[in-house]
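There are 2 protein chains.
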Amino acid sequence: MNIHLLTIGDEILIGQIVDTNSAWMSRELTLRGMRVTGNSSVADTREAIIAGVEHAARNADAVIMTGGLGPTKDDVTKTTLAEMFDAQMVFHQETYDRIVAYFNKIGRPVSPAMVGQATLPDKATLLVNKVGQAPGMWFERDGKVFISLPGVPFEMEYLMTCEVMPRLLERFPTHPIAHRTLLTAGEGESNIARRIEAFEDALPPHIKLAYLPALGQVRLRLTGVWNGAVKTDSVMRLNTELDAKIAELEAIIPDLVYGREEETLQQVVGKILLAQGRQFGTAESCTGGYVAHLITTVPGSSAYFPGSVVTYSYEIKTKLLGVRPETLTRFGAVSEETVREMARGALDALGVDVALAISGIAGPDGGTPDKPVGTVWMAVSDRERMVVQKHLFGRDRLKNIQLTGTYALNLVRKFLVGEV
Amino acid sequence: MNIHLLTIGDEILIGQIVDTNSAWMSRELTLRGMRVTGNSSVADTREAIIAGVEHAARNADAVIMTGGLGPTKDDVTKTTLAEMFDAQMVFHQETYDRIVAYFNKIGRPVSPAMVGQATLPDKATLLVNKVGQAPGMWFERDGKVFISLPGVPFEMEYLMTCEVMPRLLERFPTHPIAHRTLLTAGEGESNIARRIEAFEDALPPHIKLAYLPALGQVRLRLTGVWNGAVKTDSVMRLNTELDAKIAELEAIIPDLVYGREEETLQQVVGKILLAQGRQFGTAESCTGGYVAHLITTVPGSSAYFPGSVVTYSYEIKTKLLGVRPETLTRFGAVSEETVREMARGALDALGVDVALAISGIAGPDGGTPDKPVGTVWMAVSDRERMVVQKHLFGRDRLKNIQLTGTYALNLVRKFLVGEV
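Respectively, the protein sequence lines represent chains A and B.
Under our numbering, residues 1 to 420 are what the first sequence spells out, in order.
Under our numbering, residues 421 to 840 are what the second sequence spells out, in order.
Keep in mind the hints are simulated off the structure, nothing from the lab.
By construction, the Cβ of each residue, glycine as well, lies at the ideal position given by its N, Cα and C atoms.
Among the hints, erroneous ones may be present.
To be verified - Listed below are several chain A residues computed to face chain B (Cβ distance under 8 Å; list not exhaustive):
1. Ile17
2. Arg27
3. Gly132
Unchecked claim - The list that follows gives simulated cross-link-like pairs (lysine to any residue, SDA-like), each with its CA atoms no further than 20 Å apart:
4. B:Lys791 / A:Phe103
5. B:Lys810 / A:Arg108
6. A:Lys105 / B:Asp790
7. B:Lys550 / B:Val520
8. B:Lys651 / B:Thr594
9. A:Lys208 / A:Leu249
10. A:Lys399 / B:Thr684
11. B:Lys628 / B:Thr684
Put together the whole structure using the sequences plus the hints.
Written out as structure tokens, the structure is:
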């Protein structure tokens with residue numbers, strides 16, 4: 001089945017926001033075996049919406065619209081859709097009650113605009129929005145499906161996951177499809193490609209490999225589409241085949257793999273700490289708390305993470321971590337000697353079993369000829385062992401912080417399991 | 421003049437990359453008074469490209485295509501364009517020489533594929549690409565312009581800036597357009613809409629207001645299009661009019677506005693700290709270092725941010741911040757009493773002039789009937805004054821952390837300028 005994604009609203013056309021919704025939807029639909037054949041954006045005027053929807057429907061079985069449903073601007077989108085699908089706008093008590101209950105729950109006053117939010121085309125099947133105000137709408141015409149969703153990302157994601165995709169799969173059955181993802185850190189796409197070239201060349205045509213690179217990480221995703229007759233055991237056999245292939249792939253690059261599927265490095269590190277019963281803390285300079293933030297995005301991280309210190313200045317490095325002033329003046333804050341003392345100091349200051357210390361030059365200023373912007377030292381220690389690494393990243397401040405976060409968490413992971 | 425942006429290639433349709441090119445082009449074109457009336461993505465097949473270009477041209481004076489020009493996949497795009505514009509594919513020696521010189525400069529071997537890169541439709545005006553291999557192409561047909569650019573972001577940006585936009589402005593003189601953006605925090609879209617309803621209703625037709633919401637923040641953008649005859653002072657008069665309108669808007673909601681245009685809350689807070697010559701630090705529990713991370717994403721933040729402590733456990737709160745064990749056992753970690761002691765402790769521990777303390781229940785677990793998930797206490801103090809706030813956010817851990825970050829930075833801003 002073919003799907004067209006249509007974004008309604010000016011924000012994208014004038015470039016004030018980046019269209020991350022379409023990327024999210026494309027990825028999730030593709031993963032479920034549906035095909036996104038096109039996407040487009042139109043302004044939120046009656047004429048633009050009509051032209052956009054008609055164009056979208058030309059080569060697609062389903063059109064998924066996002067945006068144009070906020071409390072201040074939903075009139076045009078909804079009334080235009082009502083006109084296109086020959087519907088009347090009616091007040092919907094159940095939706096109104098749900099909006100009022102939602103506002104009460106989050107402790108906000110209910111505004112008169114909410115009556116407008118609950119006035120909806122009567123031909124639409126309403127998709128209940130449990131995380132926001134505007135419900136999604138599902139229309140059918142001439143065998144095609146037209147879906148309208150709010151543009152707020154987490155509301156769109158909730159409605160797509162819980163309402164839209166299950167209904168689409170029921171309405172348009174597809175060939176079984178399955179995925180396996182291997183997570184790697186610390187090596188670039190082209191070097192990985194060289195190491196797994198023979199594996200990739202030997203893949204059968206119904207299994208495809210995709211490289212999904214992010215900062216410091218590459219996800220390797222195998223997608224298999226069942227290409228025989230669909231029988232009761234087809235899904236099981238496809239899964240078995242993919243399990244074997246992904247194990248084969250992991251065996252070629254065991255040193256790069258940190259996990260599978262949707263795990264994050266911080267989740268993997270958390271699981272190991274929990275299993276080993278060890279307490280962990282960080283002493284961060286150039287990352288400014290970013291690694292502590294990553295660690296604490298994981299629910300339940302308080303079980304192994306009592307705390308952290310962000311030591312930007314010399315004084316705080318000395319005061320909180322006991323780094324010797326002589327070390328700082330002699331070797332500088334960005335040096336092997338300093339991160340070693342920071343790691344040792346963090347073990348005591350935080351009372352943890354394992355500590356990570358980071359000091360570097362995030363940029364854009366502050367570099368010197370022998371310590372250019374992007375130089376980062378990191379150390380991890382458990383009192384018995386201390387492992388130190390030096391990296392040289394780029395010139396972009398935010399990228400340097402994020403790359404350091406990835407490399408540091410991967411270093412901690414390898415330290416914990418004895419790979420370094 | 422109306423422009424349609426067309427992205428060619430699978431990467432966007434399968435959700436592998438986010439389309440940041442369209443956002444960049446839309447913003448830059450809009451800023452120069454050109455109007456992006458639509459954008460779309462198609463696969464890199466002959467049929468999809470032809471259908472995409474014809475649709476794009478229907479309501480636009482110019483179509484700007486990106487992608488489909490890489491060394492491994494440029495054949496389809498270029499030959500399809502040659503077919504559409506009745507051109508022949510010819511080898512272009514000058515382009516070939518430029519590619520060879522470029523490869524020599526970056527120290528890479530020249531591959532045979534480069535001959536293909538230099539084979540181009542003879543009807544195209546070539547746009548010289550000084551930062552990459554593939555030149556841009558400019559076609560004209562029936563009074564409309566069709567431009568093809570490489571999809572690599574910095575090559576596209578170079579060609580747009582140095583070649584495409586100057587030519588477009590010469591080819592299609594436009595009406596002046598201008599924007600002003602007001603940044604607000606701490607109030608939702610619908611409540612803001614109610615407070616500024618009279619202002620919005622009284623706007624002249626050539627000035628439009630847009631609400632751009634994000635977590636805990638709403639940007640209010642005024643867009644003005646000059647609607648009189650274009651004279652030498654038109655741009656100046658439009659800007660003057662918008663300056664007056666944005667000042668009028670700010671005067672209605674001064675309590676919500678934290679900045680203008682592209683600023684972030686952490687930049688605004690940093691600027692105030694720098695101007696006041698004050699040192700700032702954080703003591704974070706449920707945000708786990710996220711606020712420190714936000715603060716330190718700003719270049720030069722070391723001038724006012726010596727450091728921070730992340731105190732997840734009771735023990736660390738006591739050890740690093742001197743929070744009394746009795747306070748923790750009697751009132752709990754998530755309480756007014758605890759954040760007060762944390763803020764006081766942070767002033768001393770970090771040796772700063774102003775400290776922010778945060779303690780809450782990020783979730784998804786750990787809530788109780790009287791302290792549900794999403795409960796957050798925050799305090800800001802400078803030894804003389806202490807301001808404490810309690811918030812109740814939602815159930816999503818990451819959203820709670822991000823909302824707390826926004827509200828906390830806004831509280832610090834108001835505290836620094838004496839608004840609380």
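Now for the hints, and whether the structure bears them out:
{"no.": "1", "hint": "Ile17", "result": "holds, 7 Å"}
{"no.": "2", "hint": "Arg27", "result": "holds, 3 Å"}
{"no.": "3", "hint": "Gly132", "result": "violated, 11 Å"}
{"no.": "4", "hint": "B:Lys791 / A:Phe103", "result": "holds, 19 Å"}
{"no.": "5", "hint": "B:Lys810 / A:Arg108", "result": "holds, 14 Å"}
{"no.": "6", "hint": "A:Lys105 / B:Asp790", "result": "holds, 14 Å"}
{"no.": "7", "hint": "B:Lys550 / B:Val520", "result": "holds, 12 Å"}
{"no.": "8", "hint": "B:Lys651 / B:Thr594", "result": "holds, 12 Å"}
{"no.": "9", "hint": "A:Lys208 / A:Leu249", "result": "holds, 13 Å"}
{"no.": "10", "hint": "A:Lys399 / B:Thr684", "result": "holds, 18 Å"}
{"no.": "11", "hint": "B:Lys628 / B:Thr684", "result": "violated, 23 Å"}
Hint check: violations occur at hints 3, 11; the rest are consistent with the structure.
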